[in-house]
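Protein chains: 4
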Amino acid sequence: MAKTRPTHNAGLGEKYLDESKRLINKDGSFNLKRTGNPFQARSLYQWLTAISWPTFLGLMLLLYIFVNALFACGYLVIGIEQLSGVNQQTPRFWSAFYFSAQTLTTVGYGAMAPVGAWASMLAALEAFSGLTGFALVTGLLYGRFSKPSAKFLFSNNALIAPYKDGQSLQCRLVNVRSNIMMEVEANVLLSTLDKENGHRQYYNLNLETNFIQFFPLNWTLVHPLTEDSPLNKCSLESLENLDAEILIRVKGYDDTFGQTVHVRHSYKYNEIIHGARFQKVYESDAEGNTLLALNKIHDYELLD
Amino acid sequence: MAKTRPTHNAGLGEKYLDESKRLINKDGSFNLKRTGNPFQARSLYQWLTAISWPTFLGLMLLLYIFVNALFACGYLVIGIEQLSGVNQQTPRFWSAFYFSAQTLTTVGYGAMAPVGAWASMLAALEAFSGLTGFALVTGLLYGRFSKPSAKFLFSNNALIAPYKDGQSLQCRLVNVRSNIMMEVEANVLLSTLDKENGHRQYYNLNLETNFIQFFPLNWTLVHPLTEDSPLNKCSLESLENLDAEILIRVKGYDDTFGQTVHVRHSYKYNEIIHGARFQKVYESDAEGNTLLALNKIHDYELLD
Amino acid sequence: MAKTRPTHNAGLGEKYLDESKRLINKDGSFNLKRTGNPFQARSLYQWLTAISWPTFLGLMLLLYIFVNALFACGYLVIGIEQLSGVNQQTPRFWSAFYFSAQTLTTVGYGAMAPVGAWASMLAALEAFSGLTGFALVTGLLYGRFSKPSAKFLFSNNALIAPYKDGQSLQCRLVNVRSNIMMEVEANVLLSTLDKENGHRQYYNLNLETNFIQFFPLNWTLVHPLTEDSPLNKCSLESLENLDAEILIRVKGYDDTFGQTVHVRHSYKYNEIIHGARFQKVYESDAEGNTLLALNKIHDYELLD
Amino acid sequence: MAKTRPTHNAGLGEKYLDESKRLINKDGSFNLKRTGNPFQARSLYQWLTAISWPTFLGLMLLLYIFVNALFACGYLVIGIEQLSGVNQQTPRFWSAFYFSAQTLTTVGYGAMAPVGAWASMLAALEAFSGLTGFALVTGLLYGRFSKPSAKFLFSNNALIAPYKDGQSLQCRLVNVRSNIMMEVEANVLLSTLDKENGHRQYYNLNLETNFIQFFPLNWTLVHPLTEDSPLNKCSLESLENLDAEILIRVKGYDDTFGQTVHVRHSYKYNEIIHGARFQKVYESDAEGNTLLALNKIHDYELLD
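Sequence lines, in order, name chains A, B, C and D.
Residue numbering for the first sequence follows the numbering used here, beginning at 1 and increasing consecutively.
Residue numbering for the second sequence follows the numbering used here, beginning at 1 and increasing consecutively.
Residue numbering for the third sequence follows the numbering used here, beginning at 1 and increasing consecutively.
Residue numbering for the fourth sequence follows the numbering used here, beginning at 1 and increasing consecutively.
One or more of the hints may lead you astray.
Said to hold, decoys possible - Below, simulated DSSO-like cross-link-like pairs (lysine-lysine); rule was C-alpha separation at most 30 Å, straight line:
id: 1; chain 1: D; residue 1: LYS147; chain 2: B; residue 2: LYS147
id: 2; chain 1: D; residue 1: LYS147; chain 2: C; residue 2: LYS151
id: 3; chain 1: B; residue 1: LYS195; chain 2: A; residue 2: LYS151
id: 4; chain 1: C; residue 1: LYS296; chain 2: D; residue 2: LYS21
id: 5; chain 1: B; residue 1: LYS251; chain 2: C; residue 2: LYS26
id: 6; chain 1: A; residue 1: LYS251; chain 2: B; residue 2: LYS251
id: 7; chain 1: B; residue 1: LYS147; chain 2: C; residue 2: LYS33
id: 8; chain 1: C; residue 1: LYS280; chain 2: C; residue 2: LYS26
id: 9; chain 1: A; residue 1: LYS21; chain 2: D; residue 2: LYS296
id: 10; chain 1: C; residue 1: LYS251; chain 2: D; residue 2: LYS251
id: 11; chain 1: D; residue 1: LYS296; chain 2: A; residue 2: LYS195
id: 12; chain 1: B; residue 1: LYS280; chain 2: C; residue 2: LYS33
id: 13; chain 1: C; residue 1: LYS296; chain 2: D; residue 2: LYS33
id: 14; chain 1: A; residue 1: LYS21; chain 2: D; residue 2: LYS151
id: 15; chain 1: B; residue 1: LYS151; chain 2: C; residue 2: LYS147
id: 16; chain 1: A; residue 1: LYS296; chain 2: B; residue 2: LYS195
id: 17; chain 1: D; residue 1: LYS33; chain 2: C; residue 2: LYS280
id: 18; chain 1: B; residue 1: LYS147; chain 2: D; residue 2: LYS251
id: 19; chain 1: A; residue 1: LYS147; chain 2: D; residue 2: LYS151
id: 20; chain 1: D; residue 1: LYS251; chain 2: B; residue 2: LYS251
id: 21; chain 1: D; residue 1: LYS147; chain 2: B; residue 2: LYS251
id: 22; chain 1: C; residue 1: LYS151; chain 2: D; residue 2: LYS21
id: 23; chain 1: A; residue 1: LYS33; chain 2: D; residue 2: LYS26
id: 24; chain 1: C; residue 1: LYS26; chain 2: B; residue 2: LYS147
id: 25; chain 1: D; residue 1: LYS280; chain 2: A; residue 2: LYS268
id: 26; chain 1: B; residue 1: LYS280; chain 2: A; residue 2: LYS151
id: 27; chain 1: B; residue 1: LYS26; chain 2: A; residue 2: LYS151
id: 28; chain 1: A; residue 1: LYS151; chain 2: B; residue 2: LYS21
id: 29; chain 1: D; residue 1: LYS151; chain 2: B; residue 2: LYS147
id: 30; chain 1: A; residue 1: LYS164; chain 2: B; residue 2: LYS251
id: 31; chain 1: A; residue 1: LYS280; chain 2: B; residue 2: LYS33
id: 32; chain 1: D; residue 1: LYS251; chain 2: C; residue 2: LYS147
id: 33; chain 1: C; residue 1: LYS147; chain 2: B; residue 2: LYS251
id: 34; chain 1: C; residue 1: LYS151; chain 2: B; residue 2: LYS151
id: 35; chain 1: D; residue 1: LYS195; chain 2: C; residue 2: LYS296
id: 36; chain 1: D; residue 1: LYS251; chain 2: C; residue 2: LYS151
id: 37; chain 1: A; residue 1: LYS296; chain 2: A; residue 2: LYS280
id: 38; chain 1: D; residue 1: LYS280; chain 2: A; residue 2: LYS195
These are computed hints drawn from the structure, not numbers from a lab.
Turn these sequences into a full structure, and let the hints steer you where they fit.
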């Protein structure tokens, strides 16, 4: 490995991680657990905007049933006779539950209605709770909508590919969504582990081009293996010995939503292919239109 | 064409496009189709915030009718006799449909009301769905509202106009909306095609001023055709032979909405007029006020 | 006036304005009217978020009454006999209007209720319109809330005040709101008019400090009148002859709302006081707390 | 104290504060009161998004009761006989209040309903007010949700700790929330007071690393006490004599919410420990996972 100076601004610790674990997971998160304050680790709002749609909607439904049942118990305690129009054949709890649901959602048919003072009071409170609750849900829904939505797809492998007269480390990415991305910037780090003392080091890998003005197509990140590259003359075995991981950070401006988007990705040493070349990812159709074939982003061919 | 070095950070491929197609369409999008993952190409949310208002409202109405009909079928399956107050002269489906609409919107007149347990249960679910659905619509509507709204108008043509002792490439733009724009920055690229090998190159075109602090009036972008300009001594014919396209990127801060706005535009070789000069776009009225005449932004006069 | 080179990046034209008009109005807008496309000049959304609260709420109420009346006419056309529970003593239009209001707001008491098919259909449509309409209002209200809200107050006058061994042009500003502002940056331009040919020029005025990290107190902008200042040795009369206007642009990060805020201000030549000094704007109370007296921001004392 | 030049861009005044008060409070706010315009100091919206959840919800409930009571008085003035279905045993005010609540929330059972013209009119107005009011609440709730939510925890003490061959000032911070933070930048100032003339000075303290690309773990800010450090050879007593306060400003990009987050913190002279070293804050579990123990962020050990 060439003698280059490690960088100190990675923000990842010297003893961050044991060998064989990834620093950056495939979903862009860091391989890390927090202890000592489990309750503050996530705000409730953050959690509710991060969970999947089925989970979110299921939770909302459960909460609706729970709150309904709670108020139903309230009406039972007050006395079901304070409600008019109660069907005598229905169990009392269910009558109270249906009335409660009609109040919480403010549908208020009126076939059942509060007649006594306490039931009227509780119904007024429940309708208020219902509207406030659905206002909360509206805020949560917009919070879910407005999260950055651009999605970059990285090639499965990084390649050691020919470049000019020498070699280069290459990987490529594409914008999966049709969001228009602009001013995209990439930054690549090499993380290595000194197995003797267990210390991790981080090295910047210079890119031929680390900024592009437009990003409508795929972008191939190219790190030339020049003399001063920390990867110069690394063999596959030495990468494994160093527990090497290539850390990639890309940021760009999503013009569709007016948001800056950050993406993280990493390649472990065993995801780097030596002596290969990426295949073309876009082609023309009969009318001369350019077609970007997203499913070909991973394709490469081995060289002799 | 002068010997200047192409730029590598355009982000547009060497073989991006066949001759005679535009790189950047008139609406600022790129001339590109995606294949291989049609379903992920746009998030549903993105699509729903991008479609026109009539389409959006029409879709919402269709969805409303569809969901109403679905729940109406539910009430029919349960049995219409679980609803009180049903008009015997109305077809049963329509009675169920009207009841469903009254529940989904939570209007709940109560002239019809659920009496049986199953109908009450379904009605409680429908009112919940209705409120959640309209909370979704609220989020979508705000998503539509909050999209960047500034709109720049470019002159129809770029001109080769006199400038100091020589010539320059000029185009001009104006902020159509009354949004207050500040810190506006422009960036101009020339795209050329080598017809022999089909390779595209991109060249930066330096501007006399590429940043303005305020943007209340029109802005004329001026690229002087100095010796080191890639456009130096280009004739109209050579521009056509090169399949030249001028790519323009403008970004600015919209102070009215607190958003950074990006705009793209391009001029194909046949939209460049040689030997012309832009005409004045603003004038004074009788009281000395400055009037900006947006419809004159395209006007130029031919020179001898 | 010292021989300094004008700046070309103001973005304000050479013939922008007649003498005696301000370039920047007291509210930060530019003194400019647009012609030629009055309809696109403002989006409806932008206008609805910019009008005052009484105007906004008044408009919403008027719209509510108008839509109610429209649907009321619909029920009259269909026939009021398709509604049950209509009070025979009330004029028919008003019965329809009240029913319409009860439907549009989804209050739906049910004392009046649709019985016929067409009235049921129209009521289903009206309740949908009502919910969609209030979803729109919700979006508009949040749009009004989320607009940048920081508010800077500038001193009424700029001063020519002593500074070190010489003189300086000074003005000061304060953050009126208790928003926490950070990373505040200021930029000052001098605009002058050559009365012979009617051309305007713009000159950068360098500040002693043009960036502050925190902005909890007042900030005095100081332009030293050094030899290379365009204002060097200007007398009051020459400022008037030049129709001088000092244009100020301040931007900062509002940490309370996570927004970047831009502010514009200007001083005309007759708002510049020669030979004066600002008075202290903050003081200590008995407990040693610092009090910022916003109403003293304008106070200065004349010097001999 | 070494002879280094103070910085002028702190934005904090020379006479900002008496001795013994903090410049920056523990919650990141500045130790400052405003006078002279108490009413504009905070917008109502800002205040409503800043108060605690119990206060906010309590206020909303009080407002609901108040508005209900107001409209109830309206119905009493019009005459309770314009409402049908009023329970004669309930006091008239409470009947009007319950009807009002049923209208404001649009639950509208219809057991009570307006029959007279004036009551119908007022009910139409109240339902409109209710929907508009809950639209306002929705906007407020989303305003509360969307405020920057990242939360950094600083060590209780700053340390004078060994560093390379010399000493350094160190403190450390951690991201409490599981938000993914990137591109984090720190800036440290020393504030000192000249007790003779009461003037405050501010000095930049250079950091070994003032920018990190990722922030998944803790970050130790290290200011080496080199010869040109303003803190060089300061003893504990001299720090007290100078009323020293270390002001820290950290900003970073919160990728989870797409927001830039700013944080302020400070250490007074008596919070600086001489001759100590921070203890490890993360550890590995049995499976090789890295655990970040947030409660250990404050732990240090004294050195001989």
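Hints and how they fare:
no., hint, in the structure
1, D:LYS147 <-> B:LYS147, "holds (19 Å)"
2, D:LYS147 <-> C:LYS151, "holds (19 Å)"
3, B:LYS195 <-> A:LYS151, "violated (35 Å)"
4, C:LYS296 <-> D:LYS21, "holds (24 Å)"
5, B:LYS251 <-> C:LYS26, "holds (27 Å)"
6, A:LYS251 <-> B:LYS251, "holds (17 Å)"
7, B:LYS147 <-> C:LYS33, "holds (25 Å)"
8, C:LYS280 <-> C:LYS26, "holds (24 Å)"
9, A:LYS21 <-> D:LYS296, "holds (24 Å)"
10, C:LYS251 <-> D:LYS251, "holds (17 Å)"
11, D:LYS296 <-> A:LYS195, "holds (27 Å)"
12, B:LYS280 <-> C:LYS33, "holds (15 Å)"
13, C:LYS296 <-> D:LYS33, "holds (14 Å)"
14, A:LYS21 <-> D:LYS151, "holds (28 Å)"
15, B:LYS151 <-> C:LYS147, "holds (19 Å)"
16, A:LYS296 <-> B:LYS195, "holds (27 Å)"
17, D:LYS33 <-> C:LYS280, "holds (15 Å)"
18, B:LYS147 <-> D:LYS251, "holds (26 Å)"
19, A:LYS147 <-> D:LYS151, "holds (19 Å)"
20, D:LYS251 <-> B:LYS251, "holds (24 Å)"
21, D:LYS147 <-> B:LYS251, "holds (26 Å)"
22, C:LYS151 <-> D:LYS21, "holds (28 Å)"
23, A:LYS33 <-> D:LYS26, "holds (27 Å)"
24, C:LYS26 <-> B:LYS147, "holds (29 Å)"
25, D:LYS280 <-> A:LYS268, "holds (27 Å)"
26, B:LYS280 <-> A:LYS151, "violated (45 Å)"
27, B:LYS26 <-> A:LYS151, "holds (26 Å)"
28, A:LYS151 <-> B:LYS21, "holds (28 Å)"
29, D:LYS151 <-> B:LYS147, "holds (28 Å)"
30, A:LYS164 <-> B:LYS251, "violated (35 Å)"
31, A:LYS280 <-> B:LYS33, "holds (15 Å)"
32, D:LYS251 <-> C:LYS147, "holds (22 Å)"
33, C:LYS147 <-> B:LYS251, "holds (20 Å)"
34, C:LYS151 <-> B:LYS151, "holds (26 Å)"
35, D:LYS195 <-> C:LYS296, "holds (27 Å)"
36, D:LYS251 <-> C:LYS151, "holds (23 Å)"
37, A:LYS296 <-> A:LYS280, "holds (8 Å)"
38, D:LYS280 <-> A:LYS195, "holds (20 Å)"
In summary, the numbered hints that this structure violates are 3, 26 and 30.
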